[in-house]
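Could you put the whole structure together from the sequences, leaning on the hints where they help?
The residues making up each chain are set out below.
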Amino acid sequence: MGETPHRSADAGTGGTRVTQSHEWPAGASARVAEAPVSTRSPGGTGLGGGGALPRSRKFGAERAFRGLTLAAGTAVLVIIAAIAIFLIAKAVPALRANTENFWTYEGWSPNETEPKFGIGTLAFGTVLSAALALLMAVPVALGIALYLSHYAPRRLGTALGFLIDLLAAVPSVVFGLWGRDIFINPVRDFSVWLNKYFSWLPIFGGDGPFGKSIMLGALVLAIMVLPIITSLSREVFLQTPTANEEAALALGATRWEMLRTAVLPYGRPGIIAAMMLGLGRALGETIALAMTLGITFGVSFNLIQSGGNTIAANIANAFGEANETGRGALIASGLVLFTITLIVNITARAIIHRRREFTESAA
Amino acid sequence: MTTTVTSHRTRPPAQPDSLRAKRLPWYAAPAIAVAALALSAVIVYGTGVGGLVLVVVLGAILYLVGLFAAANAVEGRRSARNRTWSALIHSAFVLAVLPLVSVVWTLVSKGAERFDANFFQTSMNNIGARDANGGAYHAIVGTLEQVGIATVITVPLGVLCAIYIVEYGRGKFAFAIRFFVDVMTGIPSIVSGLFVLAFWVLVVSPWFNDGRPSFSGFAAALALSVLMLPTIVRSTEEMLRLVPAPLREGAYALGVPKWKTILRVVVPTALPGIVTGVMLAIARAAGETAPVLLVAGGGAAINTNPFENNQSSLSLFVYQQAGDASKYAPARAWTAALTLVALVLILTIAAKLLARRNRLSR
Chain A
1 MGETPHRSAD AGTGGTRVTQ SHEWPAGASA RVAEAPVSTR SPGGTGLGGG GALPRSRKFG
61 AERAFRGLTL AAGTAVLVII AAIAIFLIAK AVPALRANTE NFWTYEGWSP NETEPKFGIG
121 TLAFGTVLSA ALALLMAVPV ALGIALYLSH YAPRRLGTAL GFLIDLLAAV PSVVFGLWGR
181 DIFINPVRDF SVWLNKYFSW LPIFGGDGPF GKSIMLGALV LAIMVLPIIT SLSREVFLQT
241 PTANEEAALA LGATRWEMLR TAVLPYGRPG IIAAMMLGLG RALGETIALA MTLGITFGVS
301 FNLIQSGGNT IAANIANAFG EANETGRGAL IASGLVLFTI TLIVNITARA IIHRRREFTE
361 SAA
Chain B
1 MTTTVTSHRT RPPAQPDSLR AKRLPWYAAP AIAVAALALS AVIVYGTGVG GLVLVVVLGA
61 ILYLVGLFAA ANAVEGRRSA RNRTWSALIH SAFVLAVLPL VSVVWTLVSK GAERFDANFF
121 QTSMNNIGAR DANGGAYHAI VGTLEQVGIA TVITVPLGVL CAIYIVEYGR GKFAFAIRFF
181 VDVMTGIPSI VSGLFVLAFW VLVVSPWFND GRPSFSGFAA ALALSVLMLP TIVRSTEEML
241 RLVPAPLREG AYALGVPKWK TILRVVVPTA LPGIVTGVML AIARAAGETA PVLLVAGGGA
301 AINTNPFENN QSSLSLFVYQ QAGDASKYAP ARAWTAALTL VALVLILTIA AKLLARRNRL
361 SR
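Just so you know, the sequences run in chain order A and B.
Each residue of the first sequence is one higher than the last, beginning at 1 in UniProt numbering.
Each residue of the second sequence is one higher than the last, beginning at 1 in UniProt numbering.
Some hints here could point you the wrong way.
In silico contact screen, one side only, chain B against chain A (beta carbon under 8 Å); selected entries [what the hints assert, rightly or not]: (1) 86; (2) 100; (3) 137; (4) 160; (5) 202; (6) 204; (7) 294; (8) 315.
Label pairs and their calculated CB-CB ranges [said to hold, decoys possible]: (9) 203(A) <-> 244(B): 49 to 59 Å; (10) 349(B) <-> 93(A): 39 to 49 Å; (11) 109(A) <-> 349(B): 40 to 50 Å; (12) 206(B) <-> 77(A): 42 to 52 Å; (13) 204(B) <-> 261(A): 53 to 63 Å; (14) 324(A) <-> 51(B): 37 to 47 Å; (15) 113(B) <-> 203(A): 31 to 41 Å.
Subject to a maximum C-alpha distance of 16 Å in a straight line, what follows is the list of computed EDC-like cross-link-like pairs (lysine to aspartate or glutamate) [claimed, not checked]: (16) 352(B) <-> 165(A); (17) 196(A) <-> 181(A); (18) 260(B) <-> 62(A).
For the record, the hints were derived by calculation from the structure and aren't laboratory data.
The beta-carbon is built from N, C-alpha and C at its ideal position, and this holds for glycine as well.
Shown next as structure tokens:
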């Protein structure tokens, strides 16, 4: 039994798998129906074969190439494992030297002879700013995505979608610079106004100074993740089967009812995935927040007073003057960030894996 | 059920009025908008709580309320909802366009100030706080070298990994690789910087450098590789999956071994898509600041050797100039930002145009 026919049958399987995973609305069922015909039961004998076929060799180019690709695939696992191992190895000595509780202490002075540092305030700031950013960005992003996919004229929608994709590629340092130099002025005015009329709300209280606040950071972050969420959810909305949309319209639905009954339910997993990816991006964002937050240590829900800090921004800011323990402490905080983003990402991926077709633009 | 006829555009011409649903006249929406703005101006300036921005915001809210009330009264509840949501979706678009336009406008207007030959020919070496000139030559060199090395590392690795996932991988191991590539996509850039700091700068580089840890452009390239690898694997994987099965089967039928089929038939067919993915990955890596800050250290002088001593990069240059107290620093920062965005956008646009010409496109 030669190996060539076996491979050929395998390739056929690979081919049908392709069509199955890229299910298109039109004609998809037909292709899937054909699939079992060319699928070869595992362990069964291949078709044809004969003495003229080349015999499989133990050390041939085939095996070498296969081994090479296997090694490349394994490299990914090795890198992930190495990230965890090296971060833990460097973090543990610093954590041992810490004289305060790593989880609850409010402050970051690991460079002293008695190192004191705590992740609590930083993790709080990270989660708060990312959550606020998402809260502001998601409704707007979904609105734009719906506008581009179902309201705008087709050519305009395509052109603007292209533009949004470009904006997703603008480096974060540019947004940070813009937020610190330009955007801070309207935000400061707005903060003063909020403080004047709404200071009875704790989140808008305080006596200033205003400006480099959680609000500025979260707004800049929201503007940064906006294009990402928009472009992902636009792709999802565009994939809604036309038949579903037309069925809704034919039953007399208004355009909004059509969106609510056909487009949004179909796109829900994709929307959730886009949100989670945006959240992952927001949690890990470094430079833009290092430039727009007022770097303080403390747990406060006040949004408009100067202050706020995140794990990533703290790493960028404190790295310059860190000694060995300081570096270890920063690496420990990075490990916490890594864990948080890992949880968020694995959750997002688990949601996406249920609906494979939405992942195509997720990279 | 005549009340549910709400299709706006395709109105049959010769339908008697009694059968059609009642509709707001065309001038209703602008009239409500004007009334809302006027009312809002009266409220805001009458009580003195704010300025023009508040007038617009309050006016928009009043417009939505008024539109809903008017449509509800004339056309019914469902149509009123439709109109309100439509207005909300349009306003979301306007709301988001404002800051993004501001970013682009600031970038161009402020960046043009120092966009001259001197900026691209000099470094920041011996440039004091009172010197108006100084440029980003060293940073551009750094960016190009770091991204170049990262590309050389990740392209073969990423493409081979994608080939394994698509062509060879079966079962749990391949699934694990797929899954961790997905997870790797979400690693924050600062964490990849910390990883290379802990691994290369603190542990490996002392072997080459008399026992002292040393920053280098190569370390930055490693950190960028960690960020680029998953992007390249994912896009290559998608493209390989789009290669039609009959092409493979044709090659097998001619007796071509699998590895040769992959290298000579599958990969060339998917090549434009792979190149697109690589270019997008490069564009993303070129804009990363945090890892370069942690492991390349930055520097003012031109350093063309990526394996020794500090190196800067364009994004790090922007960050450092933004933190500089000199009154000439902001102009340099904005010009460097403009250069960086131009570089990234050219790569992205080229990649997208290439993707559009791709025969295998989705």
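Hints, one by one, checked against the model:
1. 86: Status holds, d = 7 Å.
2. 100: Holds. Min distance 6 Å.
3. 137: violated (19 Å)
4. 160: holds (3 Å)
5. 202: Where the cut-off is 8 Å and the nearest Cβ of chain A is about 7 Å from residue 202(B), the hint holds.
6. 204: violated (10 Å)
7. 294: At 6 Å from the nearest chain A Cβ, residue 294(B) passes the 8 Å test, so the hint holds.
8. 315: holds (5 Å)
9. 203(A) <-> 244(B): 49 to 59 Å: This hint holds: roughly 57 Å between Cβ atoms.
10. 349(B) <-> 93(A): 39 to 49 Å: For residue 93(A) against residue 349(B), whose Cβ atoms are near 47 Å apart, the range 39 to 49 Å holds.
11. 109(A) <-> 349(B): 40 to 50 Å: holds (47 Å)
12. 206(B) <-> 77(A): 42 to 52 Å: violated (27 Å)
13. 204(B) <-> 261(A): 53 to 63 Å: Given a distance of about 58 Å, which is inside 53 to 63 Å, the answer is holds.
14. 324(A) <-> 51(B): 37 to 47 Å: violated (53 Å)
15. 113(B) <-> 203(A): 31 to 41 Å: holds (39 Å)
16. 352(B) <-> 165(A): holds (9 Å)
17. 196(A) <-> 181(A): violated (24 Å)
18. 260(B) <-> 62(A): Between residue 260(B) and residue 62(A) the Cα gap is close to 8 Å, so the pair holds against 16 Å.
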